[in-house]
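*Asks:* As they're listed, the protein sequences go chains A and B. According to my numbering, the residues represented by the first sequence are 4 to 124, in order. According to my numbering, the residues represented by the second sequence are 4 to 124, in order.
Read the hints as simulated data drawn from the structure, not as lab findings. Among the hints, erroneous ones may be present.
Mimicking EDC-like on lysine to aspartate or glutamate, the simulated pairs with C-alpha atoms at most 20 Å apart in a straight line are [claimed, not checked]: (1) A:Lys-36 <-> B:Asp-86; (2) B:Lys-44 <-> B:Glu-22; (3) B:Lys-44 <-> A:Asp-79; (4) A:Lys-44 <-> B:Asp-19; (5) A:Lys-44 <-> B:Asp-86; (6) A:Lys-44 <-> B:Asp-77; (7) A:Lys-44 <-> B:Glu-43; (8) B:Lys-36 <-> A:Glu-22; (9) B:Lys-44 <-> A:Glu-22; (10) B:Lys-44 <-> A:Glu-43.
Protein chains: 2
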Amino acid sequence: MTDFMTDSRHDLIASDRVEGTAVYNRQGEHLGKIDNFMVEKRSGQVRYATLSFGGFLGIGNDHYPLPWSILTYDTDKGGYVIDLDKQVLDNAPRYAADARPDYDEAFGRNVYQYYGVVYPW
Amino acid sequence: MTDFMTDSRHDLIASDRVEGTAVYNRQGEHLGKIDNFMVEKRSGQVRYATLSFGGFLGIGNDHYPLPWSILTYDTDKGGYVIDLDKQVLDNAPRYAADARPDYDEAFGRNVYQYYGVVYPW
Numbered sequence: 004m005t006d007f008m009t010d011s012r013h014d015l016i017a018s019d020r021v022e023g024t025a026v027y028n029r030q031g032e033h034l035g036k037i038d039n040f041m042v043e044k045r046s047g048q049v050r051y052a053t054l055s056f057g058g059f060l061g062i063g064n065d066h067y068p069l070p071w072s073i074l075t076y077d078t079d080k081g082g083y084v085i086d087l088d089k090q091v092l093d094n095a096p097r098y099a100a101d102a103r104p105d106y107d108e109a110f111g112r113n114v115y116q117y118y119g120v121v122y123p124w
Numbered sequence: 004m005t006d007f008m009t010d011s012r013h014d015l016i017a018s019d020r021v022e023g024t025a026v027y028n029r030q031g032e033h034l035g036k037i038d039n040f041m042v043e044k045r046s047g048q049v050r051y052a053t054l055s056f057g058g059f060l061g062i063g064n065d066h067y068p069l070p071w072s073i074l075t076y077d078t079d080k081g082g083y084v085i086d087l088d089k090q091v092l093d094n095a096p097r098y099a100a101d102a103r104p105d106y107d108e109a110f111g112r113n114v115y116q117y118y119g120v121v122y123p124w
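Extracted from the complex, chain A is given alone in its bound form (with noise of 0.2 Å):
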């Protein structure tokens, strides 16, 4: 991920940069990695990040959705830097790889309730 600043153009940075990307929290453990994240089509507005961990192989792993406020990039880590107890991830809002589950009001406001962020839509 050396080249990550080239895809971080002030502030800016490229959808497939965030894909992948590591995620840590404040304690430096390593929580998983960014598998891809959500886009309300017609605003362009990201609503959830999705967080991907455990299983063999990327193959049986859980998606936790995450308010994308929450993250925050942090070069010397090269990954993103949640404020979070990896315990607080065990009763998450979350769902298999194969079975993501409708995006709707209640999903989201219970997932940005969960980590404390106000649902502002």
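Guided by the hints, dock chain B onto chain A, whose structure is given.
*Replies:* The following block gives chain B in isolation, referenced to the frame of chain A:
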């Protein structure tokens, strides 16, 4: 791309389903494909989608930043449709794949102006 709808929940679309999607104009001409898109990190706002075409096996093709808002997904075509004559791309802002420019404000205003879209930031 038959599974497109399974990754398109309500008004949301997954980032990795945008990448690689074909782009047509209203005359049905194939213009290229979406290579990736650029997200404003802090706000999570998508600013540009990058159309690429030309080259050989993806090598040497030019990248054309487009305002996200001019893309409309057409389920019948299985791709994005933009209201654009092919010739308009002849003089459009572009860059070589290995020479991504600074996406600064002047660059952004130029791109948006070229496609007749107000630069809203």
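*Asks:* When the hints from earlier in the document are held up against this structure, which numbers fail?
*Replies:* 1
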